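> Protein chains in written order, with our numbering: chain A, -14 to 213; chain B, 15 to 188.
Bear in mind the hints are in silico, worked out from the structure with no lab data behind them. Incorrect hints may have been included.
[Stated by the list, open to error] Residues of chain A clear of chain B, computed beta-carbon distances all greater than 12 Å:
#, residue
1, A22
2, P26
3, M56
4, R68
5, V82
6, L95
7, R96
8, G99
9, E114
10, E117
11, A123
12, G127
13, T172
14, Y194
[Said to hold, decoys possible] If we take Cβ atoms under 10 Å as the criterion, some of the chain A residues that face chain B in the derived model are:
#, residue
15, M24
16, S161
17, E169
18, E173
19, E188
20, A189
21, R190
22, A192
23, A193
24, S195
25, R197
All values derive from a computational prediction rather than experimental measurement. Glycine included, C-beta positions come from ideal geometry on N, C-alpha and C.
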Amino acid sequence: MTPAGSLLAAHDLRKAYGPTNALDGAEFSIHPGEVVAVMGPSGSGKSTLLHCLAGIVTPDSGSILYDGREMATMNDAQRSALRRSEFGFVFQFGQLVPELTCVENVALPLRLNGTGRKDAERTALSWMERLEVDDLKAKRPGEVSGGQGQRVAVARALVTNPRVLFADEPTGALDSLNGERVMELLTEAARSANAAVVLVTHEARVAAYSDREIVVRDGRSRDMERIV
Amino acid sequence: MSIGHTLLGLLESGPRHGYDLKRAFDEKFGHDRPLHYGQVYSTMSRLLKNGLVEVDGIEAGGGPERKRYAITDAGITDVQRWLATPEAPEPYLQSTLYTKVVLALLTNRNASDILDTQRSEHLRMMRILTDRKRKGNLADQLICDHALFHLEADLRWLELTAARLDKLAEVVTR
């Protein structure tokens, strides 16, 4: 059953890697503008859940509805298009292209979607301003700090106005002050754009930026809001 | 918190009336728990009796609340001693949550549920503090951070316990 009004909802997801059940009947749902933390110990299946929800990994069974459309019925090209235009991604590290400047990095998703350089970089710069990294536009990723680089990565993830932002341990490589600033700016920017955020984290202080949490353990998920 | 020492410390910058002291305390330290006037006056009479403060002046026509207090040399020494003495680290050895988990295991109830519910409750409080921190000034941020780090420590223990529930069940039901 899909919770009413949800933008992205998964039901009874199963995924095995060899003998290991990474997902064993996981459930998930998120509404537009909502920030949901996916928590759980290492190896519990939370990253697999994120990868399935984002269409990166195909589950063995179960259903994923995005905006009313069943993802299993989409072909690879359709799923890629979805990832490019409707989803944004932020990972722990290693996301920026080292040869490009920061503004070129942020503009990259727009360029790949066919936007001209000038327009793409103008939009990119406005996102960099929101993430307070516009002064780094001409620098290359190797010349900025970890916290700054992560904010550039968040700007890049949001530049296409995605409806869902997937963030997998986005502050995992940062110290707590930088991590907090990234979380503040990420959640503010996502909320103001009414984007839903699927936030995978094992850190409670990061999860505290969410509206609610689900806990994944042994491939099964538990939505705490619907239980408590 | 030692209210007496805190009020004494506030007096070090100059004499104040009881009302001023309460206001200064609430502004700097009493965000969630402002002092009652009664607490201020009972504390001040104790400090007065112990020679740590003295009455610096009484405004005409006023009752006891119009007294102006000044810190004495003995008071300054007392504040200095208090500041230099480390606070005893709280060992947290009697945890209600631990008791609940063990009892759940002993009575064949679901201990994971207890931990999940507790995590959720902790996170609810952490969200409130995170929000207050975001909207607050530096003092708010530091106060909230202190609370957040403690709640986070509880949650680390909780996750570790969740990962060891099977082993704990073996031990306690043996």
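> Classify the hint on A:A192 as holds or violated, based on whether any CB of chain B lies nearer than 10 Å to its CB.
Check passed: Cβ of A:A192 comes within 6 Å of chain B, closer than 10 Å.
> Does the claim that A:Y194 lies outside the interface with chain B hold up, using a Cβ gap greater than 12 Å?
Violated, since 6 Å does not exceed 12 Å.
> Beyond 12 Å from every chain B Cβ: check whether that's true for A:M56.
holds, 28 Å
> Take a quick look at A:T172 and tell me if its Cβ sits farther than 12 Å from every Cβ on chain B, holds or violated.
violated, 9 Å
> Is the Cβ of A:R96 more than 12 Å away from each Cβ in chain B?
holds, 34 Å
> Is the Cβ of A:A22 more than 12 Å away from each Cβ in chain B?
violated, 8 Å
> Checking the smallest CB distance to chain B, is A:L95 really beyond 12 Å?
Its Cβ never comes within 12 Å of chain B, the nearest being 30 Å, so this holds.
> Holds or violated: is the Cβ of A:E114 farther than 12 Å from all Cβ atoms of chain B?
holds, 19 Å
> Minimum Cβ distance from A:E173 to chain B below 10 Å?
holds, 9 Å
> Taking the minimum C-beta separation from A:R68 to chain B, is that value above 12 Å?
holds, 29 Å
> At a threshold of 10 Å, is the proposed contact between A:M24 and chain B supported by beta-carbon distances?
holds, 8 Å
> Is the nearest CB of chain B more than 12 Å from the CB of A:E117?
About 15 Å separates A:E117 from the closest Cβ of chain B, which puts it past 12 Å; holds.
Hint compliance for this structure: hints 1, 2, 13 and 14 are not met, and every other hint is.
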